[in-house]
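Produce the complete structure using the sequences and hints provided.
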Amino acid sequence: MQDMRDFSDTYRNIIDIIDTPELNIENIKNFEKEKKIVRKRQASVVRAVFVFILLLSIFTGGTVYAMKMYKAIHMTERGYKIDNSIGNEDIEKNVIIDYEVDESLQEIEKTTDENIIEQELNNDEISDFNKEGNVVYDVSSANDIMPFSIITADVESMNLDKIFVYTPETWIEKCYISIMCYSSDYSKMEITYRYFVNDNWGYETDFGDNYVSTKTITNDYGIQFTVVEGCYSPDNKTIYEAVASFDKLVVIIDAENLKEDELIKIINTMDLTDYNKVE
Amino acid sequence: MKEKESIIQSYYQAIYKYALLKLKSVEQALDVTQEVFYRYLKYDKVFESEEHEKNWLYRTAANLCNSYWRSGWYKHILFSNEDTEFVTEVTPLNDCIDKENAEIVFSTVLDLPIKYRELIHLFYYENMSIREIAIIVGRKESTIQTQLARGRSILRRKLEDAGYERF
Numbered sequence: 108m109q110d111m112r113d114f115s116d117t118y119r120n121i122i123d124i125i126d127t128p129e130l131n132i133e134n135i136k137n138f139e140k141e142k143k144i145v146r147k148r149q150a151s152v153v154r155a156v157f158v159f160i161l162l163l164s165i166f167t168g169g170t171v172y173a174m175k176m177y178k179a180i181h182m183t184e185r186g187y188k189i190d191n192s193i194g195n196e197d198i199e200k201n202v203i204i205d206y207e208v209d210e211s212l213q214e215i216e217k218t219t220d221e222n223i224i225e226q227e228l229n230n231d232e233i234s235d236f237n238k239e240g241n242v243v244y245d246v247s248s249a250n251d252i253m254p255f256s257i258i259t260a261d262v263e264s265m266n267l268d269k270i271f272v273y274t275p276e277t278w279i280e281k282c283y284i285s286i287m288c289y290s291s292d293y294s295k296m297e298i299t300y301r302y303f304v305n306d307n308w309g310y311e312t313d314f315g316d317n318y319v320s321t322k323t324i325t326n327d328y329g330i331q332f333t334v335v336e337g338c339y340s341p342d343n344k345t346i347y348e349a350v351a352s353f354d355k356l357v358v359i360i361d362a363e364n365l366k367e368d369e370l371i372k373i374i375n376t377m378d379l380t381d382y383n384k385v386e
Numbered sequence: 008m009k010e011k012e013s014i015i016q017s018y019y020q021a022i023y024k025y026a027l028l029k030l031k032s033v034e035q036a037l038d039v040t041q042e043v044f045y046r047y048l049k050y051d052k053v054f055e056s057e058e059h060e061k062n063w064l065y066r067t068a069a070n071l072c073n074s075y076w077r078s079g080w081y082k083h084i085l086f087s088n089e090d091t092e093f094v095t096e097v098t099p100l101n102d103c104i105d106k107e108n109a110e111i112v113f114s115t116v117l118d119l120p121i122k123y124r125e126l127i128h129l130f131y132y133e134n135m136s137i138r139e140i141a142i143i144v145g146r147k148e149s150t151i152q153t154q155l156a157r158g159r160s161i162l163r164r165k166l167e168d169a170g171y172e173r174f
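Sequence lines, in order, name chains A and B. Under the working numbering, read the first sequence as residues 108 to 386, first letter to last. Under the working numbering, read the second sequence as residues 8 to 174, first letter to last.
Calculated directly from the structure, the hints in this document are not laboratory data. Note that the structure is a prediction, hence the values are computed from the model and not measured. We treat Cβ as the ideally placed atom computed from N, Cα and C, and that holds for glycine. Treat the hints with caution; some may be incorrect.
Simulated DEER-style distance windows between Cβ atoms [as the list claims (entries may be wrong)]:
#, chain 1, residue 1, chain 2, residue 2, range
1, B, Pro120, A, Lys142, 28 to 36 Å
2, B, Trp76, A, Lys142, 15 to 23 Å
3, A, Arg148, B, Lys106, 37 to 45 Å
4, A, Glu141, B, Gln20, 17 to 25 Å
Here you go:
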């Protein structure tokens, strides 16, 4: 008991000497006004934060929209058009690669002028495909720029039952489609090379007689490619069935005019790490 | 009004110190004290007795402190506030005869859990009875007795551990 009395005395002494702010009755009377001022300040801070967040959202949204617009305009200028109005938003991720053509290949451009005229005559067919619910990759205008078109796409998002690469029907007789497939995991590139329809690189095409043969090309970067080459017709499902086993594909339209060594040259200059950057 | 002002004069320091011990923050204690007496000035009912008036002031202070306790902002401030800094901030302990023991006592009380700290303060500093404390903190008298005994026990042990010489 004695010890608590000692404690009590010591404690009381300490509390007694605690500094107490001076009493101001007027301050107490005006306490409500002060509180109102504080509340007003708090409200204005909350308002400011809200406006800031709102502006930030608008700015961010606007920037994203502007980037999309820029991308669309940029691609249109280059002669590419991706129709993804059907609704598969993932298709937007599929990137058309701005692939620089080797100067040695520029001469080929001259030979494709006829194709440009022919494909313009068949625009109606493009819209027909759309009505059927197919996503159409219209690469026809690409030929204004270069003799062949390169499209990369994720096979998974393409939904191969509904998507195919469109080229004008009248063009088919002259058109070869080469499809190079590779996995999305570039470090485990274990794909063998296959190609369809025509085991000759080039000019003799047999529409009705599709068959498969394989061949492997290892490019300068040590990556093995599967190249699918052949003629295309809308009824021909073989190509889609074949590429479905791969994660990615590169489609080169109108490879007819590319000789085997030219195509291999393109493949050899492809560093797939660049695709990573594009995606 | 003059009567009320004299009451404010009488209890101003006590209420401030009570709030200070509960909240361990000078600014918050001052805020609570101002609000207590502001409410007191606005309170238009007649108090039954002086004791009733005193209990009303402490009870209001206790409730306002508890409101601060519940706010997340206060908890944040509390954890960032070191007791040792607080002791030197509010008390000129150099004025004490036995400075070393005074520091130990004050730090030990501040270190107690809030439910014991306020009981120790009201009992040993304000000299309140168990019944008065029960009214102010809103607990049963038996609970106050138990908690006060437990608080004392903890206090004694902590003071011994801290080397308080009187024990």
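Verification of the supplied hints:
1. Distance hint check for B/Pro120 and A/Lys142: the Cβ-Cβ separation is about 31 Å, which falls inside the suggested range of 28 to 36 Å.
2. As the Cβ distance of B/Trp76 to A/Lys142 is approximately 19 Å, the hint placing it in 15 to 23 Å holds.
3. Taking 37 to 45 Å as the suggested C-beta distance range, the pair A/Arg148 and B/Lys106 conforms, at roughly 42 Å.
4. The hinted range of 17 to 25 Å is satisfied by A/Glu141 and B/Gln20, whose Cβ atoms lie roughly 21 Å apart.
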